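A.B. asks: Since the structure of chain C is already known, use the hints to place chains A and E on it.
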Amino acid sequence: MALLEVEGVKKRYGGIQALASCVLSVEQGEIAGLIGPNGSGKTTLFNVVTGYEKVREGSVRLDGKVITNLSPDKIFNRGIGRTFQLTRIFGRLSVIENMLVAVQHERSWWGAAWRRAGSQGERKRATELLDFVGIAGLAGEPAANLSYGQRKLLELAYVLMSDPDVLLLDEPAGGVNPTLLNVIRERIRELNGQGRTFLVVEHNMEFVMGLCHRVTVMDHGSMLVSGRPEEVRSNPKVLDAYLGGVDDEDEETDDQHVLRR
Amino acid sequence: MGTLVVDAVISGILTGGVYALMAAGLTLIFGVMDIINVAQGIFVVLGAYLSYTLSVHLGVDLFLGLVVTVPAMFVVGVFIQWAFIRRLGERERTAMSILATYAVAIIIEGVLGLVFGVDYVQLNAWYVNRSIHLFNFYLPYIYVFGFVLAVCLLAALYVMLYRTRFGRSVRASLQDRSAARLVGIDVDRVAAVTFGIGVAVTAAGGMVFGATNSFNPNTGYDLISRLLTIVILGGLGSIGGALGAAVLMLVIEDVVAVVWSPIWAPFVFFAMLVVVLSVRPSGLFGQVAGRAQ
Amino acid sequence: MLAALAIFPLVFTNPTVTTIAVFTLLFMASATAWNGFAGYSGYIALGHAAFFGTGAYVLAIVAQRLDVPGGSLMFALVPLAGLGAAVVAVPFGLIALRTRRHTFVVITIAVFFIFQLLAFNLSITQGSSGIQVASPNWAASTYNNPYYYVALGIVVFATVISWGLRRSVLGLQLLAIRDDEDRARGLGVPVGRAKLIAFVISAVPVGMCGAVYAYFLGQIFPQFAFNPLFDLSVALMSLFGGIGTLAGPLVGALLLESLQQYFTIQFSNGDLYLVIYGALFLAVLLWLPRGVLPTLGDLIRRLPKSGATGNSANAAVTTLSGNPEDGDPQAGPLAVAGGGVVGSRREY
Numbered sequence: 457m458a459l460l461e462v463e464g465v466k467k468r469y470g471g472i473q474a475l476a477s478c479v480l481s482v483e484q485g486e487i488a489g490l491i492g493p494n495g496s497g498k499t500t501l502f503n504v505v506t507g508y509e510k511v512r513e514g515s516v517r518l519d520g521k522v523i524t525n526l527s528p529d530k531i532f533n534r535g536i537g538r539t540f541q542l543t544r545i546f547g548r549l550s551v552i553e554n555m556l557v558a559v560q561h562e563r564s565w566w567g568a569a570w571r572r573a574g575s576q577g578e579r580k581r582a583t584e585l586l587d588f589v590g591i592a593g594l595a596g597e598p599a600a601n602l603s604y605g606q607r608k609l610l611e612l613a614y615v616l617m618s619d620p621d622v623l624l625l626d627e628p629a630g631g632v633n634p635t636l637l638n639v640i641r642e643r644i645r646e647l648n649g650q651g652r653t654f655l656v657v658e659h660n661m662e663f664v665m666g667l668c669h670r671v672t673v674m675d676h677g678s679m680l681v682s683g684r685p686e687e688v689r690s691n692p693k694v695l696d697a698y699l700g701g702v703d704d705e706d707e708e709t710d711d712q713h714v715l716r717r
Numbered sequence: 107m108g109t110l111v112v113d114a115v116i117s118g119i120l121t122g123g124v125y126a127l128m129a130a131g132l133t134l135i136f137g138v139m140d141i142i143n144v145a146q147g148i149f150v151v152l153g154a155y156l157s158y159t160l161s162v163h164l165g166v167d168l169f170l171g172l173v174v175t176v177p178a179m180f181v182v183g184v185f186i187q188w189a190f191i192r193r194l195g196e197r198e199r200t201a202m203s204i205l206a207t208y209a210v211a212i213i214i215e216g217v218l219g220l221v222f223g224v225d226y227v228q229l230n231a232w233y234v235n236r237s238i239h240l241f242n243f244y245l246p247y248i249y250v251f252g253f254v255l256a257v258c259l260l261a262a263l264y265v266m267l268y269r270t271r272f273g274r275s276v277r278a279s280l281q282d283r284s285a286a287r288l289v290g291i292d293v294d295r296v297a298a299v300t301f302g303i304g305v306a307v308t309a310a311g312g313m314v315f316g317a318t319n320s321f322n323p324n325t326g327y328d329l330i331s332r333l334l335t336i337v338i339l340g341g342l343g344s345i346g347g348a349l350g351a352a353v354l355m356l357v358i359e360d361v362v363a364v365v366w367s368p369i370w371a372p373f374v375f376f377a378m379l380v381v382v383l384s385v386r387p388s389g390l391f392g393q394v395a396g397r398a399q
Numbered sequence: 036m037l038a039a040l041a042i043f044p045l046v047f048t049n050p051t052v053t054t055i056a057v058f059t060l061l062f063m064a065s066a067t068a069w070n071g072f073a074g075y076s077g078y079i080a081l082g083h084a085a086f087f088g089t090g091a092y093v094l095a096i097v098a099q100r101l102d103v104p105g106g107s108l109m110f111a112l113v114p115l116a117g118l119g120a121a122v123v124a125v126p127f128g129l130i131a132l133r134t135r136r137h138t139f140v141v142i143t144i145a146v147f148f149i150f151q152l153l154a155f156n157l158s159i160t161q162g163s164s165g166i167q168v169a170s171p172n173w174a175a176s177t178y179n180n181p182y183y184y185v186a187l188g189i190v191v192f193a194t195v196i197s198w199g200l201r202r203s204v205l206g207l208q209l210l211a212i213r214d215d216e217d218r219a220r221g222l223g224v225p226v227g228r229a230k231l232i233a234f235v236i237s238a239v240p241v242g243m244c245g246a247v248y249a250y251f252l253g254q255i256f257p258q259f260a261f262n263p264l265f266d267l268s269v270a271l272m273s274l275f276g277g278i279g280t281l282a283g284p285l286v287g288a289l290l291l292e293s294l295q296q297y298f299t300i301q302f303s304n305g306d307l308y309l310v311i312y313g314a315l316f317l318a319v320l321l322w323l324p325r326g327v328l329p330t331l332g333d334l335i336r337r338l339p340k341s342g343a344t345g346n347s348a349n350a351a352v353t354t355l356s357g358n359p360e361d362g363d364p365q366a367g368p369l370a371v372a373g374g375g376v377v378g379s380r381r382e383y
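Chains as they are written, first to last, in my numbering: chain C, 457 to 717; chain A, 107 to 399; chain E, 36 to 383.
Chain C with its partners taken away, still in its complex shape (with noise of 0.2 Å):
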């Protein structure tokens, strides 16, 4: 049984369909990738899987358990962390008070008034995924102040901070630089390294080929193929997706060229 599963999904905007009966398992331990042209529906069922969008069919299940539209906050709690393609943070508060805002408390209702925010062992565990991430010195810089990749470190931090079994990544790769393409690369691998579950939903088709166990591929809100990255590149369906009708080789796009490779 997998540990992550998408059966039946649908979700309509209006006349759109964005989703169309998605089907989708995630292994426990392994790096799925999710990719597909723009509006295929890779967000909108990242949305679904973490509580953010609501659907009358389908279901989602965590190791067997139905999460179906559960809120988002209750699926955090049974450890599915969530990165956004546009990074969320606190801006005005500082890096390690992100981290601090992730920490889970019991659900009393006066302790949150009286216990001091961020004990020893909390502080302790934030400066450690900090430091893990590579942003240990910016601990005390307002959130508002760190560059466009230093946030995706920051959201990769403090997602880890509830010790998630899965995490889903929304392009973390977009972007971003080379060399902290890199530096994400190898954490996610030294995550899953230590049993971690992943499902990337990316762009930069590099980044997913080198990275990904298996990959799936959506197009116009189902699933199209799904295999490992050498197979569902040279799938003709595939190309066909992404080149959309066109015949001649000059226009291939980037991601393209790459699934060509």
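If you're looking for bench data, these hints aren't it; they were derived computationally from the structure. Predicted model, so just to flag it, every value in this text is computed and none were measured. Among the hints, a few may not be true.
[To be verified] Partial list, derived from the structure: chain E residues whose beta carbon lies under 7 Å from chain A:
(1) 163
(2) 313
(3) 321
Cβ coordinates follow ideal geometry from the N, Cα and C atoms, glycine included.
C.D. replies: Frame of chain C; chains A and E shown alone:
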């Protein structure tokens, strides 16, 4: 009792139309600019005072006076937008706008107090005290005229929004400001003019309000509470919603005044807002929270 | 500063001055409490006057029913008033906090007006004839002093709450909510509960102030106990001083309320005061959107850092405008929540 209720319903509809006009201005401003113009109430009072000055000191008929007051208020609106609102940053824009317009409101209230004093006044004309006799009901002429005026202006607003190029720009800005900018719409100019229009309608509303109620500078508070309630109830940004909510709330309030007691009528007014928002936080026809910008 | 405040009435014995002082203190406390909710969470509540009025009426009604005589005993009712305010804050908060930010502001205004209407119309509040509160038989020359000290006590109480809140988990949650509520929710922050608790907590000092006000004046009427200008003032004071900071509301209230009182005494014309007040408010909003203290803090920080002057001024400003326990820029990252020692300052 039955006739009293029907009477209440009719007067509710008629006054509702006038409130709808003023509320439409308010909701339009929010829709296009993400600004809650808390000064709308005092603008109505200002409009009333302008009509008062024209009527009492220059003998100009109330409706005729609108030819002056409406453009005047338009200018006031554009000025305020240009001088103050425009300078508010994008950050926390709506909250800042509430405070800024509140500040403008008390400045105007102070000025009105200095100029006119705190005594209550009311606009007067032949049609204020006489009623039209229809079936078994007596409808004060002013209510009918006011309603007709409101309908005409609302219709004009509709035409402007849906049939002119400018109106298209407004609607585009209403939906997505960034996108509108991208297609070459001068969003700032649209904003200024929209604000001006939103305020200009208070001139008309103010005249009718001033003829049907006695007022002084403090009346602004009560007015803005009602207008805000109507706008929120109808859903921020929805003109049709404002119209529906205005008529609905005024009818209910008038009926409650007749059936239960006039003292509790205003209470019901606000209580309705609370009830509706508890059930539907975005109002009856509201735009979904978190519109694209 | 506390020492200065403590001996104030002994030094300035002019009753007019101490009267101004009492009102100033009441506003300092209220602004600080309000800021604890609105400043930290970003939800501008313009209905706190409802708590002020509730506190005032609780004291007045209970005093009347229990026949509490004028004198020090009356002050015992002040905490009760605070409790009363907290109790009404619960349903108020439950209703209002379900909505988004802009709607929230309006709904607080609406609920406030409901309170005012109730005060006018319920029999228990005796409507527009108001309620009398027994006055104590204290000497005229030091009459104001007990009020002063009780008000000072509330200021301390409110400040302690605000300070503690900022260091706490709840405070962090509120600040996160202010920046990105949905993301905070996604990370497991119980946003509804956090906002509600903060809202209720903020009501307590305000209610207590209302009670002292009622006692001080000797009688209350609905339009004064539930006064829309109260909310505006409290918001302005916090903004002026620096919203979201600890000392901001204190400084803002100190300056503005004394100014306001001075105005009403000098120029009995209320309308002129409105114009000036509004203009001042507008000026602050447009040119000092972050408030006096943070802007001042920025200016001082831009002075050359080298040398003792720069550092101590820096430290002083940090202390005032941010976390009171941290003069050292390197210490406690939580200082940044209030102080922003490095980089950009706290925004409104």
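A.B. asks: None of the hints should be skipped; say for each whether it holds.
C.D. replies: Status of the hints after comparison with the structure:
no., hint, result
1, 163, "violated, 11 Å"
2, 313, "holds, 4 Å"
3, 321, "holds, 5 Å"
Checked against the numbered hints above, the structure violates only hint 1.
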